[in-house]
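Q: Sequence:
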Amino acid sequence: MLRQRAYVYRLEPTAAQQETFLAQTAGACRALYKLALEQRSLYWRPGRGITLKSQSHELTELRDQVDWLKAAPVHALQSALKDLDSALRNFFAGRASYPRFKGKGKGKGKGKGDGFHLKDKAYLGFKRLNRNKGAVRLPKIGWVKLRGVRLLGGELRNVTITRRAGHGYAAIAWQAEVADPTPSGLPPVGIDRGVAIFAACSSGATYVAPPFFKRIEKKLANASRKLARQVKGCANWRKTKARIARLHVKAANARRDFLHQTSAMQGRASSQ
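Start counting the sequence shown at 1; every next residue gets the next number (our numbering).
Please keep in mind that the hints were generated in silico from the structure rather than gathered at the bench. It cannot be assumed that every hint is accurate.
DSS-like cross-link-like pairs, simulated, lysine-lysine; straight-line CA separation at most 30 Å [unchecked claim]:
#1 LYS82 to LYS119
#2 LYS214 to LYS34
#3 LYS145 to LYS119
#4 LYS226 to LYS239
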């Protein structure tokens with residue numbers, strides 16, 4: 001069985017690495033995505049189709065003319081074109097809405113304007129530095145430190161760089177051949193999710209969400225009301241918006257930690 005996983009690490013780049021590679025590469029991919037989307041939207045004519053292949057050929061010529069495009073890794077730029085092609089295919093198949101122009105710091109997931117993909121394995125690498133730190137090798141800048149030392153379980157496949165709430169993250173994908181899982185002989189356990197109680201199991205165990213979530217929801221509500229009263233675009237508006245983004249990331253991390261701990265406790269209890 002082929003197991004495919006991705007581990008997310010928080011990057012700790014130097015100021016030079018952040019400005020000369022991460023920010024510039026994200027900006028180049030964002031600009032290329034918008035340019036390719038504009039070309040497909042405005043310059044398409046019957047009998048004159050614009051495809052991924054034609055835009056890839058134009059990218060090669062464009063990199064010879066534009067220095068800041070040439071400074072970015074070519075496979076990151078090609079991935080931006082492939083993302084656009086995939087988005088358009090999903091639109092014409094009725095699976096998604098028409099792709100939108102990427103903005104700096106806007107969007108979610110792959111559509112976020114501050115991220116890019118690196119898929120050339122010859123320029124990628126991962127290693128452990130000490131008990132608490134690791135490093136990922138990226139093209140053009142070499143090794144970048146990251147927080148966390150969870151080792152990969154197989155062959156490194158690709159790296160996706162994103163930025164959330166002022167911090168950069170690297171999602172490192174890997175794959176490995178593993179043995180097929182054997183069926184468990186333990187009895188099944190039913191789980192019912194509720195409001196007052198987070199989860200109730202058929203075994204009699206119950207789990208209550210910690211009060212931390214109510215506190216952070218209150219902070220988010222207060223910050224959102226403050227943002228609504230401020231002038232859009234001013235310095236204080238940007239500070240409040242950044243604080244809201246940090247609160248969302250903090251809530252997501254706490255929620256993920258609670259779910260992992262709860263599932264681990266239930267798994268240990270069911271296996272006894």
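Q: Compare the structure with each hint and give your call.
A: Hints, one by one, checked against the model:
1. LYS82 to LYS119: holds, 12 Å
2. LYS214 to LYS34: Distance ~40 Å between LYS214 and LYS34 Cα, so the pair is violated.
3. LYS145 to LYS119: The hint holds at about 19 Å.
4. LYS226 to LYS239: OK: LYS226 and LYS239 at ~11 Å, within 30 Å.
Comparing the model with each earlier hint shows a violation of hint 2 alone; every other hint is respected.
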